Every structure is written in structure tokens, then in C-alpha cells.
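These are the residues of each chain, in order.
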Amino acid sequence: MIIKMEERHGFWLRFFHWINMVSITLLIFSGLCIHAPDSIKLFGNMDNTRMLHFAMGYVLLFGVIGRVYYAIVAKDAKNVLFNPIPDIKNLPSMMKYYMFLSDSHPDYGKYNPGQKMMYTGWLLMAILMLISGFILYAPNSFMGLAGILGGLLAVRLIHYIITWLFILSILAHVYLDLSEGIPVLLSMFTGKIPKDFHGQTHDKNMEA
Amino acid sequence: MPTKLSRRNFIKLCAGGAAAISLSGYLAPFMKEAVAAGAPPVIWIQGGSCSGCSVSLLNSVHPDIEKVLLEVISLRFHQTVMAAAGSLATEEGLFATVAENKGNFILVVEGAVPVGADGSYCIIGEKNGQHLKFVDAVKEIGSQAMAILSVGTCSSFGGIPATPPNPTDCKPVSEIVKNVPIINIPGCPPHPDWIVGTIAHVLLYGDLPELDVFGRPTMFFGDIIHDNCQRRQYFDNAIFAKNFGDPGCLLELGCKGPIAHCDSTYRLWNNGVNTCIKAGAPCIACTEPEFPGWPIYDRIPEMPIAPGITATVDQIGGVLGAATAVGIAGHLAGNVLTGRIGPKKQAEKEGDN
Chain A
5 MIIKMEERHG FWLRFFHWIN MVSITLLIFS GLCIHAPDSI KLFGNMDNTR MLHFAMGYVL
65 LFGVIGRVYY AIVAKDAKNV LFNPIPDIKN LPSMMKYYMF LSDSHPDYGK YNPGQKMMYT
125 GWLLMAILML ISGFILYAPN SFMGLAGILG GLLAVRLIHY IITWLFILSI LAHVYLDLSE
185 GIPVLLSMFT GKIPKDFHGQ THDKNMEA
Chain B
2 MPTKLSRRNF IKLCAGGAAA ISLSGYLAPF MKEAVAAGAP PVIWIQGGSC SGCSVSLLNS
62 VHPDIEKVLL EVISLRFHQT VMAAAGSLAT EEGLFATVAE NKGNFILVVE GAVPVGADGS
122 YCIIGEKNGQ HLKFVDAVKE IGSQAMAILS VGTCSSFGGI PATPPNPTDC KPVSEIVKNV
182 PIINIPGCPP HPDWIVGTIA HVLLYGDLPE LDVFGRPTMF FGDIIHDNCQ RRQYFDNAIF
242 AKNFGDPGCL LELGCKGPIA HCDSTYRLWN NGVNTCIKAG APCIACTEPE FPGWPIYDRI
302 PEMPIAPGIT ATVDQIGGVL GAATAVGIAG HLAGNVLTGR IGPKKQAEKE GDN
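Quick note, the sequences are listed as chains A and B, same order. Per this note's numbering, the first sequence starts with residue 5, numbered consecutively. Per this note's numbering, the second sequence starts with residue 2, numbered consecutively.
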């Protein structure tokens, strides 16, 4: 049996996905080392850890800029951005599916409202992370901005809270992907997914 | 004001190499000359404060403070240091000087300004047989000054008196007087060099030094403590003190060095003897506008989660993490039970084909 494949993720989307995955993962680990240097020691001394953290901060900055540019140019934004009016209307049917109350759900497009909410949230979180991170990186250059946010200690708190949100939401993201099946994971490498893979769970009447 | 010391050299002198020479001692002859040539007099008034800033200034050892006050600065009024007292002192010493030098004197304010209860929390003397409220004095004298120097964190940003719950409704000077340029010299207390150096700049050049966004002279507050810390190598090597007195970086004991702006790590206190972190005390970032609204011996403040209840971010994260784990486990169980993943799904698929 030959499985017919269809294009799901373009090359640049996959490129930025993995760039951002690497930078965010390393940022989380090096960030935790900086937060608790006594209990978590992964990169040797503090010097290496901070160097890695700052370098990855720049990688994330350009990764986010690139991803946003791609979303605009490739018209991918409408796929990933949470659009309150239709997406909130679609939430109940999606929740029903995830809570096992129904076996199928309407065709939401490329991503369901929950995914859109998560991806849009990540964009906002990444922007907040970059702002607070660069304030802490160069406290002399962004003194005014730090004052607006309530001082550098408040900035530190914001930075740390969002780290936790990233860790937890990434766990949920990885789980939900894997639970959908290995083809979903593979599609982020190859860009291709078996034809009508997602169609199996769509409402039959919606497909017609 | 003609002077032999160029402004560029002055800034260089103030900003660098401070420990090698005594800044106040070096500046004294130039300031003396300026005062002799008719530089503006200085008036020092004190409100919601602990007198610590005055005491800090009195600690300038070379030249001794007597010389600084009598010859180097033309100090006309200082409640704590002068011998005169009573309404005579207020009327003759304070208001007569103000009237004589309208628009041509420097006002130094020490301490926050309590404005609650119409300012009656802080009475600094008598004028015409009436109570002289500090807030009225700052308003009246401040609005006629050439410049105001807010000495200490209290007068610069509110400091300890303005920390919640702030029953006396203390305000920084910048919220009381708006029409006069204000220089903030925060610190709890400020280093005598910062006070003398800033006064010297205004006396010698007749205008304000370069200020940052919080109104602090960048020649003294342009550096981060952490970047010049004597214990910095400990930080880079990840050696952290767990108890007071241990060798190592004091970050885990709540040191605010990475967020504090001032030069005391290389200017050193008590005439170049020591500084807070070198002596084993974590930096409390006393020069920052938010001081002391943060835990002094904790690295990150706790988060308010409900009125009157706070929790650490790690506690909140732990609870959310447990919830996420339960959610994932539950959903996974559901997935297997309903056959969305696992052998059942395979069988179904094969049946379809």
C-alpha cells in the first residue's frame, strides 16, 4: 500500500521551528542554571552558562523575527494567529473532542483553536521574554523601560514566571503532538503528512 | 564661572580613579576659588529622614568636614549641624538667605516630604510664631532655588518613609517642586563624594551634570555594582556563599548587585577603606527608585496570588506542573481507553482498508 503524502509544513516553517526549538530549549536549561547555580550545574561555570544564554537570546531574537516575517510573507499568519471571534466559537467542539465526549470535530483549518491560542501565546511570551531578557542583559541601556515595568527586580520576576509558562506549555505541546501519532512528529522534519491524516477525525458533514 | 579645571577633566575625575585620590580633597581648592568669586550659597533642609545623609557627608575625612562646610561650600543653613536654633535661625538663617539670593542658591533636601494630614507630620521649625511645615518649606524655598539637590533615596524617590503602607503619605521632592531642575543623589546614605562632587559641578560650571532617566548624575551612577564587584570572579566560577561570612558571590544571599547603579565598588567608603559587598554584606540596591520595596535577603520577590497571600514562583510553577502532569496522564489514559491511540486504532484502520 502506498500512502499518499501531502505537503503540510513549508521548508522555512520547519527551519524556524527547529531553530526556535533549539534556542528555547537551551535558554530554558541555561536560564535555570543561572537561576539556581548551586543546585543545577549543566554547563560548568557561570561564565559559560551566561555566554550560552546570551548567545541563544540573540538566536531567539532573530528566530522570532524570521518566523514572524515568514508568517506574513507566506500568508501563514491566518493559520497560527488566534482570531477571537471564530476561534472562541469553535472552542466548545474542540474541548468536547479532547475530553472524549465526541469522536470527531469540525475542520478548523490547519490548526485548531487551542493550538492557535498556544502558538499566539508563545509569540507574546517570546516577545516579553526578549524584552525582559535584554533589559536584564543591558540594564544601563534600558533603564527607563525597566522603570516602567517596576524596576529590574520586577523584570527578573516576569522573566522567571514566563520561563515556567514556557516549560509547562512545551510539555503539553510535545505530549499532544506525540499522542496524535508519529506522522505528526515526522511531518515537522519532512514537511509531508499522509493525505487526509487529519480528515479522519473531522465531522463527516463538515467535509462534504 | 571661570575655573582652571575643565569640565571634561572634572567628569573624568569624578567618574574614574576615585579610590586613588580623595575626590573632595582634590576639588576643594577649585570650589574654594569659585565660592570666593561669588558662587551660589547652599541651603540644606531636612525632613522625613534619619540624618544618615548628613552623617555620611560629615564622614568626608579629607578635607575635614569643617573646611568643607565653612570654606569649600558656602553653607548658610543646616538644621542638624549648625548651632543656631529657634525661630531666629529659621527667619534670619533660612528665609533671609533665600530672599537675598533669590534664584541663585542651591537647595539641598534631605528626606522625603510627608504631605499627609496637610503636611503636619513634619514640622521643621517656627516662622513668625507659626509652625513651619516641611512641605511648605520645600515648596516655598525650592521654587526660588537655582537647582535642587535631592540627597538620599528618601528625597530622590521616596525611599523608606514612602514604602507601603506609607501612613504619612511621603513623596519625593520631584513631586513637590516642578519648576526647578532637580538632581537626584540617591543612596542610603549617598557617598560624600557624590554629594560634594555634584555640588562642585553646579558651583563650578553653573549647570547640571549629565543625568540618567532617574535624574542621577551618570558620572557617579553610570555603572552596575555587579560589573565592578570585588567578588565577581566568584560569580563567574559559580562559587556562591550559602551563609553570611562564607567566601563566594553573595547572589544567593539576596545580593542586588546586578541591578544596582552606583560606583561604590571602586570608590569605596570611609575614605577608601571598604564597601558593602567587600565587607560581606549583600548589596541592597539602595540607589534604585524601587528601594526598599523588595526583600533584602531574597533573590526574587514572592508573587501576590490573592489579597494578602504570596507564593514563590517555584511553588506556583510546581502546582501548575503537577496539574499539567495529571492532565497529560488523564488524557493519555483516555486516548488509550477510547482507542484513539494503541492497538485498537491499528485494528480499525486495517479493517477500513
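I should point out that these hints are in silico values taken from the structure, not numbers from a laboratory. Hints should not be assumed to be uniformly reliable.
[Unchecked claim] Mimicking EDC-like on lysine to aspartate or glutamate, the simulated pairs with C-alpha atoms at most 20 Å apart in a straight line are:
no., chain 1, residue 1, chain 2, residue 2
1, B, K179, B, E141
2, A, K100, A, D207
3, B, K279, B, D315
4, B, K243, A, E11
5, A, K82, A, E11
6, A, K45, B, D237
7, A, K45, B, D315
8, A, K45, B, E253
9, B, K243, B, D299
10, B, K13, B, E291
No experiment lies behind these values; they were computed from the predicted model shown.
Cross-check of the supplied hints:
The suggested pairing of K179 (chain B) with E141 (chain B) holds, with an alpha-carbon distance near 12 Å, which does not exceed 20 Å. Between K100 (chain A) and D207 (chain A), the direct Cα distance comes to roughly 13 Å. Compliance with the 20 Å bound is thereby established for this hinted pair. For the hint pairing K279 (chain B) with D315 (chain B), the CA-to-CA distance comes to about 31 Å; that exceeds 20 Å, so the pair is violated. At most 20 Å may separate the alpha-carbon atoms for a hinted pair to count; K243 (chain B) and E11 (chain A) exceed this at roughly 56 Å.
Among the hinted pairs, K82 (chain A) with E11 (chain A) is consistent with the structure: their alpha-carbon atoms are about 18 Å apart, no more than 20 Å. A distance of roughly 13 Å separates the Cα atoms of K45 (chain A) and D237 (chain B); the hinted pair therefore holds under the 20 Å criterion. Simply put, K45 (chain A) and D315 (chain B) have alpha-carbon atoms about 18 Å apart, close enough for the 20 Å limit, and the pair holds. Distance check on the hinted pair: K45 (chain A) and E253 (chain B) sit about 15 Å apart at the alpha-carbon level, within 20 Å; holds.
For a cut-off of 20 Å, the pair hint linking K243 (chain B) to D299 (chain B) stands: about 12 Å separates their Cα positions. The straight-line distance between the Cα atoms of K13 (chain B) and E291 (chain B) is roughly 29 Å, outside the 20 Å bound, and the hint therefore fails.
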